[in-house]
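Asks: Chains as they are written, first to last, in our numbering: chain A, 1 to 105; chain B, 1 to 453; chain C, 1 to 124.
Be aware that one or more of the hints could be misleading.
Claimed, not checked - Here are the in silico distance ranges between beta carbons for each label pair:
hint, chain 1, residue 1, chain 2, residue 2, range
1, C, Lys91, B, Ser306, 46 to 52 Å
2, A, Met9, B, Lys24, 24 to 30 Å
3, C, Lys40, A, Lys56, 28 to 34 Å
4, C, Phe90, A, Lys102, 22 to 28 Å
As the list claims (entries may be wrong) - Sample of chain A residues with no beta-carbon within 10 Å of chain C, all distances over it, derived:
hint, residue
5, Ile22
6, Phe68
7, Met71
If you're looking for bench data, these hints aren't it; they were derived computationally from the structure. For every residue, glycine included, the Cβ atom is placed at its ideal position computed from N, Cα and C.
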Amino acid sequence: MELLPNVTMNHYLLVSVILFVIGVAGILFRRNAIIMFMCVELMLNAVNITLVAFSKVWGQSDAQVFVFFIMVVAAAEVAVGLAILMMLYRNMHTTSTDVLDKLKW
Amino acid sequence: MKELVITSLLGIGVLAFDILKLRKFILPLIVVGLLAVVGASIVDWGMNENLFGKNMIIMDNYALGFTSILCLLTLAWILTSTDYFTNEISRTDLYALVLFALCGGYVMCSYTNLVMLFIGIEILSIPMYVLAASNKRDMLSNEAGFKYFFLGALASSILLFGIALVYGATGSFQLDAIKNVLATAGSGTIMTAGILMIFTGFAFKVGIAPFHMWTPDVYQGAPTVITGLMSTMVKGAAFAAFFRLYYLGFTPTLEFTASIFAVLAGLSLIVANVMATIQVNAKRLLAYSSISHAGFMLAAVMTADSMNPRMLMYYVLVYGIASLTSFNVLYHVSKFQNGAEGFDAFKGLVKRNPVMAGAMTLSLLSMAGIPPLAGFMAKYFVISHILERGYTWLVIIMVLTSAVAVYYYLRIIVSMLTPIENAGRIVSTDSNRIGLLVLSIAMVAMFFLAAFV
Amino acid sequence: MQNDLSHLQDYLPVLVMAFVALGFVVTTMVLTHWLGPKRKTKIKSEAFECGIESQGNARSPFSIKYFLVAILFVLFDVEVIFMYPWAVIFKDLGLFGLLEMFTFMGLMIVGLIYIIKRGALNWD
Numbered sequence: 001m002e003l004l005p006n007v008t009m010n011h012y013l014l015v016s017v018i019l020f021v022i023g024v025a026g027i028l029f030r031r032n033a034i035i036m037f038m039c040v041e042l043m044l045n046a047v048n049i050t051l052v053a054f055s056k057v058w059g060q061s062d063a064q065v066f067v068f069f070i071m072v073v074a075a076a077e078v079a080v081g082l083a084i085l086m087m088l089y090r091n092m093h094t095t096s097t098d099v100l101d102k103l104k105w
Numbered sequence: 001m002k003e004l005v006i007t008s009l010l011g012i013g014v015l016a017f018d019i020l021k022l023r024k025f026i027l028p029l030i031v032v033g034l035l036a037v038v039g040a041s042i043v044d045w046g047m048n049e050n051l052f053g054k055n056m057i058i059m060d061n062y063a064l065g066f067t068s069i070l071c072l073l074t075l076a077w078i079l080t081s082t083d084y085f086t087n088e089i090s091r092t093d094l095y096a097l098v099l100f101a102l103c104g105g106y107v108m109c110s111y112t113n114l115v116m117l118f119i120g121i122e123i124l125s126i127p128m129y130v131l132a133a134s135n136k137r138d139m140l141s142n143e144a145g146f147k148y149f150f151l152g153a154l155a156s157s158i159l160l161f162g163i164a165l166v167y168g169a170t171g172s173f174q175l176d177a178i179k180n181v182l183a184t185a186g187s188g189t190i191m192t193a194g195i196l197m198i199f200t201g202f203a204f205k206v207g208i209a210p211f212h213m214w215t216p217d218v219y220q221g222a223p224t225v226i227t228g229l230m231s232t233m234v235k236g237a238a239f240a241a242f243f244r245l246y247y248l249g250f251t252p253t254l255e256f257t258a259s260i261f262a263v264l265a266g267l268s269l270i271v272a273n274v275m276a277t278i279q280v281n282a283k284r285l286l287a288y289s290s291i292s293h294a295g296f297m298l299a300a301v302m303t304a305d306s307m308n309p310r311m312l313m314y315y316v317l318v319y320g321i322a323s324l325t326s327f328n329v330l331y332h333v334s335k336f337q338n339g340a341e342g343f344d345a346f347k348g349l350v351k352r353n354p355v356m357a358g359a360m361t362l363s364l365l366s367m368a369g370i371p372p373l374a375g376f377m378a379k380y381f382v383i384s385h386i387l388e389r390g391y392t393w394l395v396i397i398m399v400l401t402s403a404v405a406v407y408y409y410l411r412i413i414v415s416m417l418t419p420i421e422n423a424g425r426i427v428s429t430d431s432n433r434i435g436l437l438v439l440s441i442a443m444v445a446m447f448f449l450a451a452f453v
Numbered sequence: 001m002q003n004d005l006s007h008l009q010d011y012l013p014v015l016v017m018a019f020v021a022l023g024f025v026v027t028t029m030v031l032t033h034w035l036g037p038k039r040k041t042k043i044k045s046e047a048f049e050c051g052i053e054s055q056g057n058a059r060s061p062f063s064i065k066y067f068l069v070a071i072l073f074v075l076f077d078v079e080v081i082f083m084y085p086w087a088v089i090f091k092d093l094g095l096f097g098l099l100e101m102f103t104f105m106g107l108m109i110v111g112l113i114y115i116i117k118r119g120a121l122n123w124d
C-alpha cells in the first residue's frame with residue numbers, strides 16, 4: 001500500500017464493512033426483488049475487497065485466487081436467482097416481494 | 001477423490017443419457033454409480049488421501065463416513081420416490097441437480113481449507129435453490145424458492161465475510177494453521193468477529209432458532225419429495241461441515257463459545273416444539289420437527305472437542321432415515337388427495353396402505369425418541385455428552401421438549417388410526433414399498449447396532 | 001515521509017483534471033437551465049428517438065429467449081476468469097496444467113452440448 005501511505009488496512013476494512021451492511025440492510029428491508037438481488041452482489045463484492053486487501057497485507061496470493069472463485073460462484077448465483085425471479089414475474093406479474101405472503105407461521 | 005469423480009461423472013452421464021434418448025437406463029446407472037461410491041469409500045477407508053497433495057481436501061475416515069451416509073440417504077431417497085420422477089417432464093435435470101448437489105455435500109464433509117468449505121456449500125446450495133422452486137406453476141414453490149435463494153445467499157455472504165476476517169487475522173485458510181494460531185495467540189477482535197460471522201452463517205444454513213424463519217416456509221413450499229431431500233442430505237452435509245469446522249479448526253474457541261451454543265440449542269428446541277404444537281399442516285409440522293433436531297445436532301457440535309464424530313454420523317443417519325420416510329409417506333398421501341397436507345389427509349391410512357402407515361408410525365416414534373427405535377439412542381448419545389459438560393439445564397429442556405414432541409407426533413398417528421368411510425387404497429410402486437420396508441427395518445435394527453458406534 | 005508525499009504529487013494533475021471536468025459539466029448544466037427559455041409542450045417532453053415517433057411503452061415484455069441467452073452468456077463468459085491465473089503460471093505447471101485446463105474446458109463443452117441439444121438456443 002505504498003501508493004497511498006495514509007490509507008491503512010482499517011480503511012479498506014471500513015469500506016467493505018459499510019458496503020456489506022448496505023447489502024444486508026437492503027436484503028432485509030427492501031421490497032423490490034431486483035434491488036435485493038443487487039444487494040446480494042454488493043455483499044459478495046464487499047468480501048472481495050476485504051480479501052484482496054488482506055492478501056496484500058499478508059503478501060500472499062491465495063486470497064486473490066479465492067476472489068476469482070467467489071466471482072464465478074456469484075455468476076452462478078446470478079443465473080439461478082434471475083431464473084427464479086423470472087419465473088416469479090411470469091406467475092405474479094410483479095417483482096415486489098409483497099405478493100409472497102402465502103407461507104407464514 | 002474416487003467418490004467425487006464418480007458422482008460428478010454420474011451427473012454428466014445422466015445428462016448425456018438424456019440427450020442420447022437412453023432414458024430408461026438412467027435409474028439403473030444412478031443406482032450402480034452410487035453403490036460404487038459407497039464401495040470406493042470402503043476401499044479408501046483409513047488411507048487419509050490428500051487430493052493432489054495440496055491440503056485442500058483430505059479424505060479421512062470422517063469424510064468417508066459422511067460421504068457414504070449422504071450417498072446412501074440419496075440412494076434411498078431416489079428409490080423411494082421414483083414415481084415422482086416418472087411424472088416429471090424434466091426429470092433428468094432433477095436427477096443431475098441432485099447428483100451435483102451431492103458432490104457439494106462430499107466437499108463439505110472432507111474440506112481442510114475454508115475456501116473449499118465455501119465452494120462446497122455453494123455447490124450444494126445452488127442446485128437446491130433450483131430444486132426448491134422446481135414446481136414452476138405452483139405459487140408456494142415459487143415463494144419457497146425465492147425465500148430459500150435470498151436467505152441462502154445472505155447466509156453464504158455472512159459466512160464468506162467471516163472467512164475473510166479469519167484469513168485477515170491468521171493469514172491462512174488452512175484449518176490446522178488457524179487452530180495453531182488460536183491455541184498459541186488466542187483470538188483478537190478481527191478473529192472473534194470472523195468466528196462469530198461464520199457461526200451465524202452456519203446457523204442460517206442449518207436452521208437454528210433465531211435464524212430459523214426461512215426453514216418452515218421453504219420446507220412447506222418446496223415440492224414434498226424435495227423437502228425430504230433437504231431435511232436429510234442437505235441438513236446432514238451442513239452439520240458434517242459445521243462439526244468438522246469445530247473438530248479440526250476452531251476447537252480452542254469451544255470453551256468460550258460453548259455457552260452460546262447451549263443457549264441457541266435450547267432456544268431452537270423450545271421455539272420449534274412450541275410452534276409445532278399449533279400447526280395444522282403436517283408438512284409444516286415436520287419442518288418444525290427438523291428445527292428441533294437441528295437443536296440436538298447443534299448440541300453435538302458444541303461438544304466437538306470431546307465427542308466421537310461417529311455419534312454425529314449416527315444421529316445424521318438415524319434422523320435422515322426417519323425424516324426421509326415421513327416426507328415420502330406425506331408425499332404419497334397428499335398426492336392421492338389433491339395435495340391435502342392437513343392431519344385429516346392421514347385418516348384411515350392403516351387400511352388404505354398398511355406399509356406406509358407402519359413406516360410413518362415408526363419414523364415419527366423414532367424422531368420422538370421412543371426406546372425400541374434408533375432415535376432414542378441418537379438422542380441418548382448427545383444427552384450423555386451434554387451431561388458430561390455440566391449443562392444440566394439444557395438436558396432438562398431436551399427431555400421436556402421431547403415429551404412435547406411425542407404429543408404432536410401422536411396427533412398424526414391417531415389420525416392414521418381413525419377409520420374413514422369409502423376411502424380408496426393409496427397405491428405405490430414396488431420400489432417404494434420395498435424401500436419403506438428396508439428403512440423401517442433399519443430404524444429398529446440401528447437401535448440394537450448402536451453398541452458398535 | 002517526504003518521499004511518499006512527492007510520490008503523491010504525481011497524481012495532482014489527474015486531480016486537477018477531474019475537478020475541471022466536473023466543474024465544466026456542472027457549470028454548463030446550471031447555465032443552460034438558467035439562461036434558456038422554458039417552454040414546455042407535449043411534443044417536446046416526449047422521448048426523442050431520432051425523429052421517429054415513439055410507440056408503446058419502453059417496458060414492454062420481451063421474449064424469454066433473450067433472457068436465456070443472456071444468462072447462458074454470463075455463465076460461459078465468467079469461466080474465462082480461471083484462465084488468467086492459469087496463464088500466469090502456465091509454464092511452471094507444464095503438461096499437468098495443460099491437461100487440467102483441457103478437462104475443465106471439456107466439462108464446459110459437455111454443458112454447451114447439453115444446452116444445444118435441449119434446444120435452449122433455438123430461436124423458432
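Asks: Among all the numbered hints in the text so far, which are the ones the structure does not match?
Replies: Of the numbered hints given earlier, those the structure breaks are 2, 3, 4, 6, 7, listed in rising order.
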